[in-house]
Each structure stands twice: as C-alpha cells, then as structure tokens.
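Q: Let's have the full structure, built from the sequences with the hints guiding it.
Residue numbers for the sequence shown, in the working numbering: 1 to 142.
No lab work stands behind these hints: they were computed from the structure. You may find that some hints are simply not true.
Stated by the list, open to error - Label-pair restraints from in silico Cβ distances:
no., residue 1, residue 2, range
1, I25, Q134, 21 to 31 angstroms
2, E93, Q134, 37 to 47 angstroms
3, R8, G54, 54 to 64 angstroms
4, E60, G114, 36 to 46 angstroms
5, A137, Q50, 19 to 29 angstroms
6, I123, L48, 26 to 36 angstroms
7, E56, L124, 32 to 42 angstroms
8, Q53, S116, 44 to 54 angstroms
9, A14, N110, 23 to 33 angstroms
To be verified - Only pairs whose alpha carbons sit at most 20 angstroms apart, straight line, appear in this in silico DMTMM-like list of lysine to aspartate or glutamate:
no., residue 1, residue 2
10, K24, E100
11, K43, E62
12, K94, D16
13, K22, D83
14, K125, D16
15, K125, E135
All figures in this text were calculated on a predicted structure; none of them were measured in a lab. From the three backbone atoms N, C-alpha and C, an ideal C-beta is built for every residue, glycine too.
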Amino acid sequence: MENNISVRRSGNTALDLALIEKEKIAAFTIILGYTILIISANKERNILIQREQGIEPQNESEPTRLVVLSSIMTLLANILLGDIAYSRLRELEKNISSGESKFSIIPNLNITRGYSIIILGNILKTIGVIQRAQEQAQITVL
Numbered sequence: 001m002e003n004n005i006s007v008r009r010s011g012n013t014a015l016d017l018a019l020i021e022k023e024k025i026a027a028f029t030i031i032l033g034y035t036i037l038i039i040s041a042n043k044e045r046n047i048l049i050q051r052e053q054g055i056e057p058q059n060e061s062e063p064t065r066l067v068v069l070s071s072i073m074t075l076l077a078n079i080l081l082g083d084i085a086y087s088r089l090r091e092l093e094k095n096i097s098s099g100e101s102k103f104s105i106i107p108n109l110n111i112t113r114g115y116s117i118i119i120l121g122n123i124l125k126t127i128g129v130i131q132r133a134q135e136q137a138q139i140t141v142l
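A: Written out as structure tokens, the structure is:
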C-alpha cells in the first residue's frame, strides 16, 4: 500500500474497483446534468429571441423544469461522489489503525469535507430552483 500514491487506491482492490465504477456513474450523471442545463439555456435564449420578435413562445416553463432536472441530477451525483470519498476515508482510517498505512488522513478528510460542502450547496440550489419552478407554474396558471 505505501508505494501507492493514487487518490483512488486503498489497497483493497475489490473496494477500489467498485468505487471506481460508482465514480464513473457519478461523473456521467454530472455530465448529463450539465448537458441538460445547456439545453435549458438554449431554450430560454430562444424564448427571449421569440419575444423580441413579437412571437408568443410555447412551453415557457420548459427551461425551468430542465434546470430542476439538471440540479437534481448533479445533487444525486455529488451525493454519490461524497459517499465514495467517505468510503475511501473509512478504508484509509482502517489501514492506518492496522498499521498497513503511514499516510496522513488529512487529504481524505479534506476531500470528504469538500464533498459535504458541495452537497449542502447543491441541496440549497435544488431547493431554490424547485421553488422558482413552483412560482413560475403559479404565475402561468393565473
């Protein structure tokens, strides 16, 4: 283990492989979430251009609904990444306690704390975009 300086390798190959697969799923989910955000921005842009041209746009709430979907997807992906970081932290703690590792726990603590902050921020962002979507839906209905 001590020759291993990868942020992904704990010395437990089965665990490392499982966490890497989860990490790939989370990364793909984030990419998809941000792709949806780009699509939403393009739709919102088209709505603004149509209004400028005197055309009444269709589905004005669609861009906002897509932002909600994007936000939920990135939140879920970051929760998964945070869980991965926590799993790696626990494994390193175990290796340090057993004497298998002399590595410092501080980098893994910082990574795990960082994900905790990201998750909290994503929760607040997701709540906000859902609230905005609900307001927009009420205004549209009136």
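Q: Taking the hints in turn, state whether each one holds.
A: Quick rundown of the hints versus the structure:
1. The beta-carbon spacing between I25 and Q134, approximately 30 angstroms, falls within the hinted interval of 21 to 31 angstroms.
2. About 42 angstroms separates the C-beta atoms of E93 and Q134, a value consistent with the hinted range of 37 to 47 angstroms.
3. Hint check: R8 to G54, Cβ distance near 55 angstroms, so the stated range 54 to 64 angstroms holds.
4. Remark: the range hint 36 to 46 angstroms for E60 to G114 is upheld by a beta-carbon distance near 37 angstroms.
5. Judged by the Cβ atoms, the range 19 to 29 angstroms given for A137 and Q50 holds: they are separated by roughly 20 angstroms.
6. At roughly 29 angstroms, the beta carbons of I123 and L48 sit within the given window of 26 to 36 angstroms.
7. Range check, E56 to L124: Cβ separation about 34 angstroms, and the 32 to 42 angstroms hint holds.
8. At about 47 angstroms, the beta-carbon gap between Q53 and S116 stays in the expected band of 44 to 54 angstroms.
9. Take A14 and N110: their Cβ atoms lie about 26 angstroms apart, and the range 23 to 33 angstroms holds.
10. As the CA atoms of K24 and E100 are separated by approximately 28 angstroms, the hinted pair breaks the 20 angstroms bound.
11. Restraint check for K43 and E62: satisfied, since their Cα atoms lie roughly 8 angstroms apart, inside the 20 angstroms limit.
12. For the hint pairing K94 with D16, the CA-to-CA distance comes to about 14 angstroms; that is within 20 angstroms, so the pair holds.
13. A threshold of 20 angstroms between alpha carbons decides the hint, and for K22 with D83 the separation of about 10 angstroms falls inside it, so the pair holds.
14. Taken as a hint, the K125 and D16 pair is broken in the structure, with Cα atoms around 31 angstroms apart against an allowance of 20 angstroms.
15. A distance of roughly 15 angstroms separates the Cα atoms of K125 and E135; the hinted pair therefore holds under the 20 angstroms criterion.
Checked against the numbered hints above, the structure violates hints 10 and 14; every other hint is satisfied.
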